[in-house]
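Modelling step: build the complete structure from the supplied sequences, incorporating the hints.
Chain residues, written in single-letter form:
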Amino acid sequence: MSFTLLIVQTLNGLQFGVLLFLIAAGLTLVFGVMDFINLAHGVQYMLGAYLAVMFYALTGNFLIALVAALGAALLLGLLLEFTVFRHLYDRDHLEQVIATFGIILFLNQGVKVVWGAAPLSLPIPDMFAGTVVLSPGILYPVWRLMIIGSGLAVALILYLLVTRTRVGMLVRAGATHANIVSALGVDIRRLFMIVFGFGTMLAAFAGVMIAPILSVEPGMGDSVLILAFVVIVIGGIGSMRGAFIAALLIGLVDTLGRSFAIDILRLVMPPSPARTVGPAIASMLIYVLMALVLYFRPAGLFPAKGR
Amino acid sequence: MNFVRRTEALPIAIFLVLALAPVAASFGAETYLLNLFTRVMIYGIAALALDFLCGYGGLVSFGHAAFVGIGAYTAAIFGAHGVSEIAITLPVALIVSALFAYLTGTVCLRTKSVYFIMITLAFGQMIYFVAGSLSPYGGDDGLTLKLRSTLFGFPILQNDRALYYAVLLFLLGSYLLLRAVVASRFGRVFRGSKENPTRMATIGFHVFSYQRVAYVIAGCLGGLSGFLLANATEFVSPSYMSWQRSGELIIMVLFGGIGTLHGAIVGAAAFLLLEDMLGGITENWKLIFGPMLVLIVLFARGGLLGLATSIKERLSRG
Chain A
35 MSFTLLIVQT LNGLQFGVLL FLIAAGLTLV FGVMDFINLA HGVQYMLGAY
85 LAVMFYALTG NFLIALVAAL GAALLLGLLL EFTVFRHLYD RDHLEQVIAT
135 FGIILFLNQG VKVVWGAAPL SLPIPDMFAG TVVLSPGILY PVWRLMIIGS
185 GLAVALILYL LVTRTRVGML VRAGATHANI VSALGVDIRR LFMIVFGFGT
235 MLAAFAGVMI APILSVEPGM GDSVLILAFV VIVIGGIGSM RGAFIAALLI
285 GLVDTLGRSF AIDILRLVMP PSPARTVGPA IASMLIYVLM ALVLYFRPAG
335 LFPAKGR
Chain B
425 MNFVRRTEAL PIAIFLVLAL APVAASFGAE TYLLNLFTRV MIYGIAALAL
475 DFLCGYGGLV SFGHAAFVGI GAYTAAIFGA HGVSEIAITL PVALIVSALF
525 AYLTGTVCLR TKSVYFIMIT LAFGQMIYFV AGSLSPYGGD DGLTLKLRST
575 LFGFPILQND RALYYAVLLF LLGSYLLLRA VVASRFGRVF RGSKENPTRM
625 ATIGFHVFSY QRVAYVIAGC LGGLSGFLLA NATEFVSPSY MSWQRSGELI
675 IMVLFGGIGT LHGAIVGAAA FLLLEDMLGG ITENWKLIFG PMLVLIVLFA
725 RGGLLGLATS IKERLSRG
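Here the protein sequences line up with chains A and B, keeping their order. The numbering of the first sequence is the working numbering, which starts it at 35 and goes up by one. The numbering of the second sequence is the working numbering, which starts it at 425 and goes up by one.
Simulated from the structure, these hints should not be mistaken for lab results. Owing to the predicted nature of the structure, the values given are computational and were not obtained by experimental measurement. A couple of the hints might just be wrong.
What the hints assert, rightly or not - With beta-carbon atoms standing in for the labels, derived distance ranges:
{"#": "1", "chain 1": "A", "residue 1": "200", "chain 2": "B", "residue 2": "659", "range": "44 to 52 Å"}
{"#": "2", "chain 1": "A", "residue 1": "311", "chain 2": "B", "residue 2": "432", "range": "46 to 54 Å"}
{"#": "3", "chain 1": "B", "residue 1": "715", "chain 2": "A", "residue 2": "249", "range": "25 to 33 Å"}
{"#": "4", "chain 1": "B", "residue 1": "626", "chain 2": "A", "residue 2": "195", "range": "42 to 50 Å"}
Even glycine gets a Cβ: it sits at the ideal position worked out from N, Cα and C.
Quick look at the structure:
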């Protein structure tokens, strides 16, 4: 394992972690404030990517496609909130799981019907198309750096929003004492809607940003959704800070594990079993990490106070 | 109906129908119907186990398909090495399932409600990816069983009808076992842990160990279901343990009405028949099925059996 590869894979891990954070942030907010487990969150990430592909095909401009996709994803998200999710907030988690699972089935299939089952792609905007020389001999795609940068920027904005604004204060209060916030005269339903819409946009944003380097296909949100669950469980449900740290941790462990598991195993066993066992261990790594964290801290690394 | 208690009528009817189904099937598309109902009963076993966890213990596991996968892969991996003796493979499948349930249960059961759902989901996903990376055993493409399991060397499951009745026996056994467990002292403590874990702990029960034993029981039955599934389809693949499968198992439990046991069998039948029927109408059956799930959750609480009861009550009142 060369040093160059280590740097490149660390950056890849960081990029993956940032992406996971964008999805997990919405999920943890929605769960923290509304006690609502939304499996359909991953579908919103997929929709973001598909909408961007569609708007790009119409306009040929990435920025317009990004903005339009975010707007359209927000509208679709609010439509879902208004027609279905709103009636689920008071139900138990099992029913929330089933209903949002139904929405996943519908939207995954719907996407297949509308855009076809074949993977689509979105070109990288020309301005960010090339690679950048990090140090002599180490090239890295600009777009991946863009993803890392924009993700970190979103994290900063979120931090400021949650800690410095009135809505953020209400969100924090709502996460621990929803009933009291409501009793103090805050329209909690409207707060829910704002939080939900925001979470939807974050997931869609992640979808648009990743579309140029991944293939856009039905079901692309499912695996990411489960990783986002792992992230918020490790971070502590409802905790933004926890989600951020856990997302980067998961991104790095998963990416580095996959690239170096075989090499590391070869230090202790012959090459051929290492090649067999390596990928299996690499794919287990983050779940083992989750198990360890939960064994010692059942409520995650940064449990939101009061629950 | 005086000779059986009313509550017993439905389970007895279910098993009678299942016992007689092959006779009826022999007048129609026999192979197709036999396969379909064998699948119903196999998933029925897994759904039973899940209903036991969710309905009686309040433990909503979103990773139950993992056990199905473990059972199926045990049969297939032994098969790939030329061992298909039930007396060896089935106990191993059960032991491996029990071990996995014990280990993951130790971690999962430390957490509650939503955490539990997500952690079981994550462990299910872990097994899914491990199966996908088992390149000697087909990886993502799965693995074909060369022959069905044999008992002391006799290929007793080779005939579809024999397999059907074997599965029926296992289903009946699982059902009776879980009924006995639920009714036992152990079952009462387990049910109490759903209603009020704090009180159970105060009385002096170590709730965690009770839940873990229940989790292991459910895991074993999941493994049994997977073992039978591998035999019925003569094929295993990681998709057996994808998280969608776990979701489908929960749907079956919810369809039948949670916390009734026999409801889970009805739910499995309803789900698989519906899937089969909708799949016959359109390739995009999920476009119909997805919204249906949402509507069922929003409007039909208590599942199909609950719906039937409430309609009956309304009729008898009106």
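Status of the hints after comparison with the structure:
{"no.": "1", "hint": "A:200 - B:659: 44 to 52 Å", "verdict": "violated (58 Å)"}
{"no.": "2", "hint": "A:311 - B:432: 46 to 54 Å", "verdict": "holds (51 Å)"}
{"no.": "3", "hint": "B:715 - A:249: 25 to 33 Å", "verdict": "holds (28 Å)"}
{"no.": "4", "hint": "B:626 - A:195: 42 to 50 Å", "verdict": "holds (43 Å)"}
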